[in-house]
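**Q** Residues per chain, in single letters:
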Amino acid sequence: MSLNDPGDTRTQGVKPPVTHVGILGWMKANLFNGALNSVLTIATLYLLWKVVPPLIRWAFIDSVWHTTGKACRHAAGACWSVVWENIRFILFGFYPYDSQWRPLVAMLLLFGLLFYSQNRKHWKKHLIYVWIGGLFVMGLLMKGGLFGLSSVESTKWSGLPLTLLLSIFGLTAAYPLGVVLALGRRSKMVLVKWLSVTYIEMIRGVPLISLLFMSAIIFPLFLPEGITINKILRAQVAIILFTAAYIAEVVRGGLQAMPRGQYEAAESMGLNYYLTMRLVILPQALKIVIPPTVSILISAFKDTSLVVIIALWDLLKTTQSVLANPEWMGFSAEAYIFIALLYFGGCFSMSSYSRKLERELSAGEQQ
Amino acid sequence: MKEEETKKMHDGQAENAMVEIIDMHKWFGEFHVLQGINLTVQKKERIVICGPSGSGKSTLIRCINRLEEHQKGRIIVDGIELTSNIKNIEKVRAEVGMVFQHFNLFPHLTIIDNLTLGPIWVRKVPKAEAEETAMFYLEKVHIAEQARKYPGQLSGGQQQRVAIARSLCMKPKLMLFDEPTSALDPEMIKEVLDVMIELAQEGMTMLVVTHEMGFAKSVAHRVLFMDYGRIVEANTPEEFFDNPQHDRTKLFLSQILH
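Chains as they are written, first to last, in this note's numbering: chain A, 717 to 1083; chain B, 619 to 876.
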């Protein structure tokens, strides 16, 4: 029998043993791979069996969805009514009840814009105009006073729109500022370098809470009489300044990882400092630091909830005040699970988008 | 009076000089890496610089486009003296191409974008024209079919040829090569040297730091030997290889030619 003979049984019909393929093989490789792992697997399964069914029973089977607080007290499971009966206050706070469609439309517009921008094919000049237009419409919807929309004071902005306002603007403004600070810290100009280092170290040396207090209480003392700056704006600035310092340090790490040769190649063709950074160094350095940058952005997003301490009514505060209502007192688990899910949605989409972006940007670059 | 005269004479000399280096010194901290370099490179002249490692040959050519700053003496490139004036430095850099030992292509850009970056942003050439020029030079280095790939997808020899084409796209008056074949696998050295020889035949002014003595013999007008921060010997390739004057040159040649 020759080697080329198709009937050669040495190369045909031999399959791996059944214990190495399919579900059995997978279980053997991943769950029962050795004594310790087998014990851990069994322990975990036991724990899940103990926890998951009661949780499902509490959350779905025995739960109450549309009823009053009183009726809830007799229910065996979760009282989701606390969320559904108060959803408009949790989401929009003190925004005038009849006009709450306006922040809703503004938020939908924001989500639409974010969704449109996530596609890298749309990263062209027109995107800037789209955003400027979108922001103008959103501001108009929130503030009113034009085109027959009644004017709504920003002190009444609360709930989810406020949280989104603080985080989206906070993150988008902090990122470029952080990049500039990182470049400043590596600058050869002594004054620029010194200022950047001082700024970064001072901001990183204080907690966000103290910055927020300063913006709310101390800063207005320095303003001339009669001039007040919007409280939301002050908190917004504090968040931007704080986040920028952290982003600066992460970006500096990326800049330091760039090989000397990249600078030399760019400079040796006559590119000036600005073009070298913009075209050669930053596109590579910022890509390297996407994972730590996103960590910072995610934590900044969650940290916006700290504005409750300076009496801004963000999502967390509106939820708390619902729970302070005697009718709904005691259903904090349900309410907090609800806003936890909202926060999780935001954070998870940021991190999965960043992973997608990383994949796309490195496609083709490596072998 | 006297100064004026010497200046005039100097300008007269400079007529045909691409690079003039006059008593140039450089220190790295305490280390005196270049100790009084005098060198004039004529237009269309091709010079090969060799010497043991640490002799200052790379530093010398890196001073010519001010990737390194000299601390004493003068360097004049195509009529522009290199001082701390950044505008002048950028002008000189735009006229002087440089090829590095480690290629230094931009990994985040495709080959064609690597080539058009300088022309578009420094020379303000329209994109379409820049791409046309880029394709012309890519064909010249026999690599046009790779234009849409990224540097990481190319072999070392191909990357170095792209690097040469990238420099050529700027239409430089002078090309500096800093050990262009030292980081290459042996089978790729020839393809890069062939491109450099073609370039030489077209009359490019070239300063090449290399240990490829075959290349030196076939294209160089002059071979310089450097040691301890000085130009020890400068001669035509024939004289240099057949009749070296200094003991250090002889020793060096015996070591690299076996």
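Heads up, some of the hints might be wrong.
What follows is a list of derived Cβ distance ranges for each label pair [said to hold, decoys possible]:
| # | chain 1 | residue 1 | chain 2 | residue 2 | range |
| --- | --- | --- | --- | --- | --- |
| 1 | A | R976 | B | D641 | 26 to 32 Å |
| 2 | A | E869 | B | A746 | 25 to 31 Å |
| 3 | A | V906 | B | E820 | 44 to 50 Å |
| 4 | B | K767 | A | C1063 | 54 to 60 Å |
Partner residues are not named here, just some residues of chain B that face chain A (Cβ under 8 Å, in silico) [unchecked claim]:
| # | residue |
| --- | --- |
| 5 | W645 |
| 6 | L685 |
| 7 | E708 |
| 8 | A712 |
| 9 | H720 |
| 10 | P725 |
| 11 | L735 |
| 12 | V740 |
| 13 | P744 |
| 14 | F754 |
| 15 | M788 |
| 16 | K789 |
If you are wondering where the hints come from, they were derived from the structure by calculation, not from laboratory data.
What you are looking at is a predicted structure, and each value in this text was computed from that prediction instead of being measured.
Glycine is no exception: its CB is placed at the ideal position from the N, C-alpha and C atoms.
**Q** State for each hint whether it applies.
**A** Going down the list of hints, with the structure as the test:
The given range of 26 to 32 Å is respected by A/R976 and B/D641, whose C-beta atoms sit roughly 28 Å from each other. Evaluation of the 25 to 31 Å hint for A/E869 and B/A746 yields a failure: the beta carbon distance comes to about 54 Å. Evaluation of the 44 to 50 Å hint for A/V906 and B/E820 yields a pass: the beta carbon distance comes to about 46 Å. At roughly 37 Å, the beta carbons of B/K767 and A/C1063 sit outside the given window of 54 to 60 Å.
The restraint placing B/W645 at the interface with chain A is violated, with a minimum CB-CB distance near 19 Å, outside the 8 Å limit. Evaluation of the B/L685 hint against chain A yields a held restraint, the C-beta minimum of about 5 Å falling below 8 Å. A least Cβ separation of about 5 Å between B/E708 and chain A falls short of the 8 Å threshold, and the interface hint therefore holds. Hint status for B/A712 relative to chain A: holds, with the closest Cβ pair at about 3 Å, below 8 Å.
At about 6 Å, the closest approach between the beta carbon of B/H720 and any beta carbon in chain A falls short of 8 Å, and the interface hint on this residue holds. For B/P725, the interface hint holds, since its Cβ comes within 8 Å of a Cβ in chain A; the closest pair sits about 6 Å apart. For B/L735, the interface hint holds, since its Cβ comes within 8 Å of a Cβ in chain A; the closest pair sits about 6 Å apart. Satisfaction of the interface hint for B/V740 is found here, the shortest Cβ-Cβ separation to chain A being roughly 4 Å, below the 8 Å cut-off.
Checking B/P744 against chain A by beta carbon gives a least distance of about 17 Å; that is not within 8 Å, so the hint is violated. At its closest, the beta carbon of B/F754 sits 18 Å from a beta carbon of chain A; the interface hint therefore is violated under the 8 Å criterion. Interface restraint check for B/M788: the shortest CB-CB distance to chain A comes to about 6 Å, inside 8 Å, so the restraint holds. A distance limit of 8 Å between C-beta atoms decides the matter here; for B/K789 the minimum to chain A is near 11 Å, and the interface restraint is violated.
Checked against the numbered hints above, the structure violates hints 2, 4, 5, 13, 14 and 16; every other hint is satisfied.
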